[in-house]
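Engineer: The chain contents come next:
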Amino acid sequence: MTIQSDQAKAEASNWQTQVLEYCLRIGNFFCFAGWAWGHLYWEPSYASILWSEASFEWFQQFGYSWEEFTGTGANDGLIQECIQWIGWICVANAVLSFTARRNSWIQLCLLTSGSLFMLAVAVAKYIRSGFELPMLIEHGGQILSPILLVMALSIGVRNRITTLTAIIAVMMTFGGHGLYAVGLWPTPATFVGMTRVVIGWDYDASKLFLLVAGVLDFIVCFGVLIPFLRRSSALYAMIWGIVTAAARPVAGMSWELNYWGADQFLHESAYRAPHFFIPLFLYLYWTYTKVQHSFGSLTLETKDMTLPSTTK
Amino acid sequence: MRNRIFASLIILLIANTVVGQNRRRVDLSIPEVDRKDVICFALYTVHDQTLKLTAQLYPLKNDEVRLARLEIKKEGNWVEVAQTEVIEQGWTAPFRVAKWDDANTWQYRVRHGEQAVYEGTIRRNPTDKDEIVVAGFTGNSIMPAHGGDISRQDILDNIQRINADILFFAGDQVYDHKRHYAAWLKFGRDFGDIIKDRPTICLPDDHDVGQPNLWGESGKISTLRGAADGGYAQPGLYVQEVERAQTSHLPDPADPHKIGQDISVYFTNLNWGNIDFAILEDRKFKTGPAGRVPKQGPRPDHIRNPEYDPVSVDVEGAILLGKRQLAFLKSWTQDWQNAKMKVALSQTIFCGGAHIHGSASGRLHADMDSNGWPQSGRNRAIDALRKGFAFHLAGDQHLATIFHHGVNEHRDAIWSFCVPSIANLYLRWWAPLEAGANREDNMPEYTGDHLDGFGNKVTNYAAANPEKKPAGNILNTRSAGFGIVRLNTKTREITMECWPRNVDITSDDAQQYPGWPRTISQLDNYHPRSWGKMKEFQFDYAHPVVQLVDNETDEVLYTIRAQNSFFTPHAPLNREFTIKVGKDSPDRVITTSAKAKK
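Chains as they are written, first to last, in my numbering: chain A, 1 to 312; chain B, 1 to 598.
Careful: at least some of the hints might be erroneous.
Straight-line distance between alpha carbons at most 25 Å, and here's what the computed PhoX-like set of lysine-lysine pairs gives [claimed, not checked]: (1) A:125 / B:36; (2) A:207 / B:220; (3) B:490 / B:469; (4) B:36 / A:207; (5) A:207 / B:178.
Residues from chain A that face chain B, not an exhaustive set, calculated with beta carbons under 10 Å [said to hold, decoys possible]: (6) 42; (7) 186; (8) 192; (9) 209; (10) 231; (11) 251; (12) 253; (13) 257; (14) 263.
Just so you know, these hints were derived from the structure itself, not from any lab. Backbone N, C-alpha and C fix where the C-beta goes; we use that ideal spot for every residue, glycine too.
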């Protein structure tokens with residue numbers, strides 16, 4: 001009986017670990033695949049920062065001339081080339097999401113650099129927004145996604161530091177959204193616009209809806225820290241993460257557009273994948289832990305029942 | 001080790017950018033003002049004996065009345081002529097006074113409560129002046145990095161020196177995408193001293209309504225970053241507030257039906273000093289390119305591929321001016337009541353007027369934010385305008401240019417003058433790869449006949465290209481400045497001047513940007529080289545309105561008020577025309593078989 005239970009526990013633990021790991025792998029894959037699409041097919045959302053004179057002055061220190069920086073028209077300049085290279089780095093990171101293993105240190109290092117890249121993107125967007133703090137915070141999920149995967153692979157998906165990092169990622173994403181949605185910082189017009197287009201409500205109703213959604217975002221932030229609320233908070237976060245990511249294509253795509261506008265909007269959903277895969281990871285982790293706890297207590301009971309009989 | 005160096009470089013770049021950008025931030029806080037100064041500034045126009053004046057207020061306190069009064073000075077006494085409710089969303093007080101006596105100049109004052117007073121002058125309609133002077137502006141960046149923090153006093157001084165009759169702000173008066181009200185108050189503090197004493201036309205453009213580019217698409221909601229999917233990124237209420245602040249003092253709209261999100265339209269005309277200005281809002285109905293045209297570059301509105309087929313982006317369903325605007329233009333070009341010359345005012349010019357975009361970005365083959373796209377819509381707009389010999393004054397491009405536009409052949413349509421930015425946020429250059437054809441003697445290679453990135457026929461006569469690597473004088477190396485247009489109703493000549501910042505434009509040694517000044521005739525706005533001349537017609541009264549109608553198509557070729565009591569029509573060869581004339585409208589047929597000869 002004991003051997004069977006241990007084996008079942010080990011098997012369950014094994015596939016659960018796989019599931020948890022794949023949550024992070026898939027989330028990270030879509031995140032970088034989306035950004036790769038944004039870089040290689042379109043222009044990334046932070047590009048206007050690169051075109052600034054401050055950037056040129058900085059590169060000038062390394063000997064780049066105006067023509068080398070801007071391109072001549074006949075060829076690309078440093079900025080266009082950098083964007084292309086960054087796009088390919090995103091492709092590599094997307095691939096690494098599935099190929100990285102515990103002992104492949106080079107791959108893990110490259111994945112870690114993905115977090116640095118995402119941090120740079122977040123800072124660029126933070127500057128572009130006029131230094132709005134929520135813009136920086138809400139990228140927490142995407143910034144931490146690669147490092148979370150590295151942690152899961154190197155120190156384990158069930159390690160306390162891994163889960164704590166996942167909790168921080170969720171709190172940052174939803175905290176940032178919440179700050180915008182309740183209007184502590186000016187609510188981005190696209191939030192209201194998407195709500196109006198998708199649900200069809202007027203401006204006032206949409207603002208109220210966003211206010212409620214923002215309050216729920218804050219509840220999620222606290223909820224993931226409270227044991228009896230954390231599973232439901234993570235579940236809600238996952239669903240709301242899917243909804244907000246899907247809102248982009250739902251609001252923007254149309255049968256009348258080339259490719260239905262999919263090329264414009266789908267990648268915006270894709271790179272938001274950590275917004276729902278990390279909450280899913282936490283939800284499953286806490287579900288499995290709960291099951292294991294009850295499974296563990298059942299095992300103990302069995303042991304208690306078994307031991308005497310064997311003694312006999 | 002390499003990773004560490006790479007990481008250090010990234011951190012340094014981020015820190016440098018953050019510090020650099022922080023250094024360049026602008027304080028847009030709304031100042032706490034004394035209650036006597038609660039009226040920030042006032043804008044007005046007078047048209048068809050109707051005064052429309054909008055006073056812009058600082059925020060009122062809860063216990064203050066929401067009523068503003070307008071008074072004028074009659075025989076030494078202040079007399080109240082109108083009252084209006086202050087609209088809290090944007091704190092505007094729009095007055096409308098019918099049966100206005102525009103034959104006289106009036107001192108006015110706007111009052112609020114017992115203390116607040118703002119004074120100015122309502123000018124008389126300068127119908128007796130031979131020359132009407134229009135000062136044109138665009139791109140009012142307030143960012144220190146672009147010289148936006150440098151005082152506008154030079155502009156104010158120059159406008160006072162030349163005593164401009166009318167001011168035209170073509171767009172981007174405000175660059176802040178979330179705080180239009182605060183930025184608009186700053187605009188008022190900067191320019192109020194010249195605005196309060198003369199009619200002023202403001203057209204809100206993309207940045208004014210809080211987005212980097214604007215394809216209004218009849219009020220659709222835009223959800224795509226960059227707004228190339230068409231519509232407005234900011235809520236309709238925000239756009240309404242912007243338009244109320246900037247345009248509620250314009251003459252009543254020609255066709256006031258609203259568009260999506262309850263956003264108003266303001267396209268109309270203003271007759272001042274016998275110049276009939278069409279005030280167009282060329283973005284309001286324009287469709288967005290995203291998903292509508294094949295992708296040709298890293299942005300849905302940018303064409304980077306010089307090998308692309310321009311016809312491929314001139315797609316069915318893409319609109320530039322809406323049907324209602326075209327209908328307005330059709331009637332406007334035929335209406336010459338109290339008008340000797342016509343000028344179209346809009347946000348931007350009807351062509352792709354630049355090749356190199358951005359302070360540091362490379363060559364862009366075509367930009368669908370310009371009015372060169374969609375080409376069919378562009379041709380319809382120009383065709384409508386040339387039927388009234390309208391000269392086109394616009395802004396937006398951040399690059400001053402003079403173009404003579406073509407529809408069927410080069411130089412067969414209107415001239416446009418795009419004025420330079422007050423402070424230039426985003427640099428552009430007119431730099432065609434090939435030298436222009438049919439250039440004037442000793443003119444730069446970038447002038448002459450060209451096709452723009454959309455294949456539109458354009459002839460360039462001047463471009464105030466910024467320095468390739470701007471340095472030193474932060475305004476003028478970036479080609480900042482303003483435009484002056486002198487419209488002579490006696491000689492029917494139009495003179496374009498393009499001035500840099502911080503010069504006294506009345507001094508003998510003041511230099512304009514290369515290529516300016518340039519003077520054209522009113523008739524140059526529709527005088528194809530392939531046309532011929534008819535015989536001279538004599539009339540028994542001066543300045544008749546003459547209209548040519550094509551006998552085959554029954555379409556009006558053009559309508560114009562003649563400069564004298566005689567007129568020699570020009571027209572296409574081998575076609576027969578009916579000529580109509582009249583004192584104020586072409587209501588009498590004088591011939592049904594007029595033909596032009598080479």
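Engineer: Taking the hints in turn, state whether each one holds.
Structural biologist: Results for each hint:
1. A:125 / B:36: Judged against 25 Å, a Cα distance of about 42 Å means the pair is violated.
2. A:207 / B:220: Holds. Residue 207 of chain A to residue 220 of chain B sits at ~18 Å (cutoff 25 Å).
3. B:490 / B:469: 44 Å, violated
4. B:36 / A:207: 36 Å, violated
5. A:207 / B:178: With Cα atoms ~16 Å apart, residue 207 of chain A and residue 178 of chain B stay inside 25 Å; holds.
6. 42: 6 Å, holds
7. 186: Where the cut-off is 10 Å and the nearest Cβ of chain B is about 5 Å from residue 186 of chain A, the hint holds.
8. 192: 5 Å, holds
9. 209: 13 Å, violated
10. 231: 33 Å, violated
11. 251: 4 Å, holds
12. 253: Since the shortest Cβ distance to chain B is 8 Å, the answer is holds.
13. 257: OK, holds: residue 257 of chain A within 10 Å of chain B, min 3 Å.
14. 263: 7 Å, holds
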